[in-house]
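Engineer: Here are the chains, one letter per residue:
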Amino acid sequence: MKILTLIFLFMLMALMSVMAQNSSFKRIDVIDCRPLVIINGKAVDPLSFLALNRHDIQDFKILSPAQAIKKFGAGRSQFGAVEITLTKTAKIFTWTELAKRFYLIPGQIPAEARLYYGYFAGLPVNDPTLFITSVSTAEGLSINLNDYQINRPIVLIFIQDTKDYKNNPKTITGTLDKDIDEVKKIFDTESEKRVKIDNDRPRIEG
Amino acid sequence: MKKRCLFRLLFVLALQFFGQVVFAQNASLYLNKQEIAPQSVYFFEPATIDSINFYTGADANKKLDLPTTGIDSVFVIFKKDMSDVVSYFQLLSLYHFDERSRLLPLTIGLSHNNKYIDKARLLVFNINKVTSVSANIKNNTHTDFVSIWHPYNRPYNSRAGKMLTWLQGYIEGYGDNSYYLKFKNR
Numbered sequence: 559m560k561i562l563t564l565i566f567l568f569m570l571m572a573l574m575s576v577m578a579q580n581s582s583f584k585r586i587d588v589i590d591c592r593p594l595v596i597i598n599g600k601a602v603d604p605l606s607f608l609a610l611n612r613h614d615i616q617d618f619k620i621l622s623p624a625q626a627i628k629k630f631g632a633g634r635s636q637f638g639a640v641e642i643t644l645t646k647t648a649k650i651f652t653w654t655e656l657a658k659r660f661y662l663i664p665g666q667i668p669a670e671a672r673l674y675y676g677y678f679a680g681l682p683v684n685d686p687t688l689f690i691t692s693v694s695t696a697e698g699l700s701i702n703l704n705d706y707q708i709n710r711p712i713v714l715i716f717i718q719d720t721k722d723y724k725n726n727p728k729t730i731t732g733t734l735d736k737d738i739d740e741v742k743k744i745f746d747t748e749s750e751k752r753v754k755i756d757n758d759r760p761r762i763e764g
Numbered sequence: 006m007k008k009r010c011l012f013r014l015l016f017v018l019a020l021q022f023f024g025q026v027v028f029a030q031n032a033s034l035y036l037n038k039q040e041i042a043p044q045s046v047y048f049f050e051p052a053t054i055d056s057i058n059f060y061t062g063a064d065a066n067k068k069l070d071l072p073t074t075g076i077d078s079v080f081v082i083f084k085k086d087m088s089d090v091v092s093y094f095q096l097l098s099l100y101h102f103d104e105r106s107r108l109l110p111l112t113i114g115l116s117h118n119n120k121y122i123d124k125a126r127l128l129v130f131n132i133n134k135v136t137s138v139s140a141n142i143k144n145n146t147h148t149d150f151v152s153i154w155h156p157y158n159r160p161y162n163s164r165a166g167k168m169l170t171w172l173q174g175y176i177e178g179y180g181d182n183s184y185y186l187k188f189k190n191r
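Chains as they are written, first to last, in the working numbering: chain C, 559 to 764; chain Y, 6 to 191.
No lab work stands behind these hints: they were computed from the structure. All clues stand as given, with none of them false.
Derived list of chain C stretches under chain Y, where covered just means 3 residues or more per stretch with a C-beta under 8 Å from a C-beta of chain Y:
#, region
1, 659-668
2, 685-699
Here's a subset of chain Y near chain C, in silico, CB distances under 10 Å, partners left out:
#, residue
3, Ser106
4, Val135
5, Ile142
6, Val151
From a predicted model like this one, the values you see are computed outputs, not experimental measurements. C-beta: ideal position from N, C-alpha, C; glycine also.
With the rest of the complex left out, here is chain C (with noise of 0.2 Å):
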């Protein structure tokens, strides 16, 4: 009966370990608040946003949640929206793009990614294939199979962060640079809370 026991809550400690560490993932997907980006018409993957030159953008337009409703219907439109006009100048590279520019074979890299831009930690990509990048910010992109942290196949994009406003306030210039960093910081909001429940959560280790 005591042996019993001792399985029964060695069993229940177990499972509480598996749920606690699952709840922090969940609780990661709760946070996600980034709006719906709108790229030229088209619903990109909102870390896009992130990934475009300042020099690339020729129109930015904010819709308050309300009104993306009512613009593109439900979904990620109740965080609002981000309608982005390109330049006609403007070099833009696709997910099959990207891919190949920095050597790889677009059909075969793993379906999950993560954006590295500036000093911020990796944010999760929702959709590499929605995702899109400025030419010239594009710094290289990484594939982690074996990654101890992260153990499973990811791609890695990293990013030149072209303007950083934390570091660099003063060089607030561009018309449209007040409006760009005002949605940043929703996303440097979102990093920083990801990387402190990344940090806080507990790992099974051995």
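Given the structure of chain C, go ahead and fit chain Y onto it with the hints provided.
Structural biologist: Below, chain Y without anything else, positioned relative to chain C:
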């Protein structure tokens, strides 16, 4: 007493002058019968290595029939099970890189100060000791390059591990790196 101190001082000075020369001997690394690039020592799993032996060039030529005549030091890694070892080009394919990437310069790690590896084609890897492979643009020169990452190398405990740790120090700055120093101070 004074003479002994003087002798010791002279010995230390002589070591400082000639130490670089002693370490700067030409050395080669072999995996069984195949010559491999020295940086491969970062990517071996000590538990899967049978032994690591040291020979002079002439000895290695005589005992193992290796083309090492005229080389001062030869380190030979003996490993029977080669199922977990891949070459550089095989690794690029495994990480979904196309054939164009084979022509790019290669570094280990992403720091812009890292040197390019001369004999990239001769690198071999234990597939479990590579965490990631990336293609990047080097900021200061705007050229593309490939970089390969390995997990943090702790000082190993097995015999082969100790030897690998020593070799990592030997090939990188002739023993000035932290791994080599840690090993030396143990």
